[in-house]
Amino acid sequence: AQSVTQLGSHVSVSEGALVLLRCNYSSSVPPYLFWYVQYPNQGLQLLLKYTTGATLVKGINGFEAEFKKSETSFHLTKPSAHMSDAAEYFCAVSEGSSNTGKLIFGQGTTLQVKP
Amino acid sequence: DAGVIQSPRHEVTEMGQEVTLRCKPISGHNSLFWYRQTMMRGLELLIYFNNNVPIDDSGMPEDRFSAKMPNASFSTLKIQPSEPRDSAVYFCASSLNNYGYTFGSGTRLTVV
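Protein sequence lines correspond, in order, to chains P and Z.
Residue 54 in the working numbering sits at position 54 of the first sequence, with consecutive numbering throughout.
Residue 1019 in the working numbering sits at position 19 of the second sequence, with consecutive numbering throughout.
Chain P extracted, bound-state conformation:
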């Protein structure tokens, strides 16, 4: 069975500092991996995804993530945090071979950005 673990339910960084949100997954088949962001009182928005090919994927708002199969990780990074990055972030995994597209979500990490 697939699962996702997000390390740290709350992460706090200063504006301009590096953002690192950790995600580890478990999957018996080649996974597809996703990061979503949820701003207050809004739905979840896709930040980036890894399906096949290049393991470093770039997303919106300057975020990127690297798929590391040996570490079963898909950590999300951004070189310099902005106040507008404050939100909740969800990592998710799906079975690459599945055609239903069902995602398994982590519990989410709330990012706080301090001025």
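No wet-lab data here; the hints were simulated from the structure.
Where is the CB? At the ideal position from N, CA and C, for every residue including glycine.
Be a bit skeptical, because a hint or two may be false.
[Unchecked claim] Per the computed footprint, the stretches of chain P lying under chain Z, defined by three or more beta-carbons under 8 Å from a beta-carbon of chain Z, are:
{"id": "1", "stretch": "38-44"}
{"id": "2", "stretch": "105-115"}
[Stated by the list, open to error] Only pairs whose alpha carbons sit at most 20 Å apart, straight line, appear in this in silico SDA-like list of lysine to any residue:
{"id": "3", "chain 1": "Z", "residue 1": "K1078", "chain 2": "Z", "residue 2": "D1057"}
{"id": "4", "chain 1": "P", "residue 1": "K49", "chain 2": "Z", "residue 2": "Y1099"}
{"id": "5", "chain 1": "Z", "residue 1": "K1024", "chain 2": "P", "residue 2": "Q45"}
{"id": "6", "chain 1": "P", "residue 1": "K49", "chain 2": "Z", "residue 2": "G1003"}
[To be verified] Here are a few chain Z residues that face chain P, going by a calculated C-beta distance under 7 Å:
{"id": "7", "residue": "S1031"}
{"id": "8", "residue": "S1095"}
{"id": "9", "residue": "G1100"}
Given the structure of chain P, go ahead and fit chain Z onto it with the hints provided.
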């Protein structure tokens, strides 16, 4: 494309009343998902459909909850009778195969 459209955005109802939440997925998407989000439980998958057929409803909390997808462009989630503990934000999402979900803006349900 207008994205996934959910209605209503907000619903306040009295305990015992029937509540119907609606969702219009993105045209061409073949899967539709209903989620519930609360502070205590986070994001919970209630049910999902593939090609309009319910695939997994194991997340539906009780028989009071039911969902239908009569065609590729419409789905409903019904709660009858509603209870205060059903208060949450309900999200609908659609996808095409494995290319990731597109979420709607959600329906904030308050049962008093």
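Hints and how they fare:
{"no.": "1", "hint": "38-44", "in the structure": "holds (count 3)"}
{"no.": "2", "hint": "105-115", "in the structure": "holds (count 3)"}
{"no.": "3", "hint": "K1078(Z) / D1057(Z)", "in the structure": "holds, 13 Å"}
{"no.": "4", "hint": "K49(P) / Y1099(Z)", "in the structure": "holds, 8 Å"}
{"no.": "5", "hint": "K1024(Z) / Q45(P)", "in the structure": "holds, 17 Å"}
{"no.": "6", "hint": "K49(P) / G1003(Z)", "in the structure": "holds, 19 Å"}
{"no.": "7", "hint": "S1031", "in the structure": "holds, 5 Å"}
{"no.": "8", "hint": "S1095", "in the structure": "holds, 4 Å"}
{"no.": "9", "hint": "G1100", "in the structure": "holds, 5 Å"}
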